[in-house]
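Enquirer: Sequence:
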Amino acid sequence: MSNGFGDSEYYGVVQIGTPPQPFNVIIDTGSSDLWITGSTLTRGTTSSSSASLPAMGAIGSPSSSSFASTGASFNSSQSSSYKSSSTPFRITYGSGSASGLVGTDTVSLTGYTVNNQAFATVSQASSGLLSGDVSGIMGMAFTSLSSTKAVPFWESANINVFAFGITRFVNISSSNEIEPGGVLTLGGLNSSLYKGNISYVNLKSESYWVIAMDAVSINGQAIPGSQSDSVAIDTGTSLIGAPSSVVRAVYSQIPGAGPASGSYSGYYQFPCGSQTRLSLTFGGISYDIASDDFNVGAIDTRGETCLGALFGVDSTGSTSTTSSSTPNWIIGDSFLKNVYTVFRKQSNGNNSGPSAVGFALPSDNYQALLRSAGRAVGGGVTSGSITNAKSSAKLTIDSRMARSSILLGLLASTFAITCS
Numbered sequence: 002m003s004n005g006f007g008d009s010e011y012y013g014v015v016q017i018g019t020p021p022q023p024f025n026v027i028i029d030t031g032s033s034d035l036w037i038t039g040s041t042l043t044r045g046t047t048s049s050s051s052a053s054l055p056a057m058g059a060i061g062s063p064s065s066s067s068f069a070s071t072g073a074s075f076n077s078s079q080s081s082s083y084k085s086s087s088t089p090f091r092i093t094y095g096s097g098s099a100s101g102l103v104g105t106d107t108v109s110l111t112g113y114t115v116n117n118q119a120f121a122t123v124s125q126a127s128s129g130l131l132s133g134d135v136s137g138i139m140g141m142a143f144t145s146l147s148s149t150k151a152v153p154f155w156e157s158a159n160i161n162v163f164a165f166g167i168t169r170f171v172n173i174s175s176s177n178e179i180e181p182g183g184v185l186t187l188g189g190l191n192s193s194l195y196k197g198n199i200s201y202v203n204l205k206s207e208s209y210w211v212i213a214m215d216a217v218s219i220n221g222q223a224i225p226g227s228q229s230d231s232v233a234i235d236t237g238t239s240l241i242g243a244p245s246s247v248v249r250a251v252y253s254q255i256p257g258a259g260p261a262s263g264s265y266s267g268y269y270q271f272p273c274g275s276q277t278r279l280s281l282t283f284g285g286i287s288y289d290i291a292s293d294d295f296n297v298g299a300i301d302t303r304g305e306t307c308l309g310a311l312f313g314v315d316s317t318g319s320t321s322t323t324s325s326s327t328p329n330w331i332i333g334d335s336f337l338k339n340v341y342t343v344f345r346k347q348s349n350g351n352n353s354g355p356s357a358v359g360f361a362l363p364s365d366n367y368q369a370l371l372r373s374a375g376r377a378v379g380g381g382v383t384s385g386s387i388t389n390a391k392s393s394a395k396l397t398i399d400s401r402m403a404r405s406s407i408l409l410g411l412l413a414s415t416f417a418i419t420c421s
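Here the sequence shown stands for residues 2 to 421, where the numbers follow this note's numbering.
Rather than coming from a laboratory, the hints here were simulated on the basis of the structure. Computed from a predicted model, the values in this text were never measured in an experiment. A portion of the hints provided could be inaccurate.
[To be verified] Within a straight-line C-alpha distance of at most 30 Å, the following computed DSBU-like cross-link-like pairs (lysine-lysine) qualify: (1) K196 <-> K84; (2) K84 <-> K150; (3) K346 <-> K205; (4) K346 <-> K150; (5) K196 <-> K150.
Start from the sequences, fold in the hints, and give me the full structure.
Expert: Here it is, written out as structure tokens:
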């Protein structure tokens, strides 16, 4: 899997069709649909969708992004196993929307293959929804959230557990445009990436990966009213969305912080030299967010004023979510870089336990191990190892990675997929 937009967007290579056509797709636990850009794609704002999802890649919104996807497009005429339909597809994310038609074909991700998997071929998409070599999105949430009501690939493939360990390059000035981004493990865990036990928090329902959060603190100061039973763990969101009242309370504890303006309206800014320690508590265990992950980057030429990773999801503007069914919190990559994260679905006939999200503290050499999982080479291609729990086989793939940047001009990096 790969990481684009400076530690903000994680994607991997999926194969679709007969013979297989490879595509980079965002791996998004905040949605459930699989879609790929089609050969007839028109860029521009699509019409409104009946599906409203949490902000995905929030600061890379269509209104501010100057980058367009150069990823491959699916050509259905070149696949002997593709079956078309007249079923329309429409979906809206926090960073744009897409529409097209639903069809079925053979879909493979590493060693997992599903025949007649439903997915959408997108003919119209917001200009800033995808960037670099990304061709689409693979939703990793549950069937009930799917706008097409199709069973998501991971459920069709009986992948009842998958886990993320993602790297941090946004604060490394010597980083290349393309860098290793970490490890996604399908069908099992990677015990070398965490220490101690995994602490699981059971889901409230099988839609989003929504769990309860006990508390929030900033620099050791507890934030009143920050407990929530509606917290979505979302790899497709760059930052952390929270109720506006909590956001205001957090930034009030940072000297010199205040609402940002202009193209950054809806976010907060603070002095770049501030040392912040935002902590989130799940299942009675507090997890710290590194100061470098809370600091998204400078928004002035002098490098004195920086943007914070915490934004309001119930405020007005491009960062807002308006559907009453969406979670109160959206926990994205700014937090997930600081933990090893496990997504578990209850499986009949074994002792896997109820559906849950689990967190563990990273191993002592966590970042070094993640970076060694994939190494950037010439031409924007990264070689990464992939292990499949079903066969215990190791494969090696080459995948093209994004050459792009988000609104703040942060470095892009790559993310290797493993399955074990």
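Enquirer: Confirm or reject each hint.
Expert: So, going through the hints one by one against the coordinates:
Between the alpha carbons of K196 and K84 the distance comes to roughly 46 Å, so the proposed pair goes past 30 Å and is violated. This hinted pair checks out: K84 and K150 have alpha carbons roughly 17 Å apart, not beyond 30 Å. Under the criterion of a C-alpha separation no larger than 30 Å, the hint pairing K346 with K205 is consistent with the structure, at around 12 Å. This hinted pair checks out: K346 and K150 have alpha carbons roughly 18 Å apart, not beyond 30 Å.
A threshold of 30 Å between alpha carbons decides the hint, and for K196 with K150 the separation of about 38 Å lies outside it, so the pair is violated.
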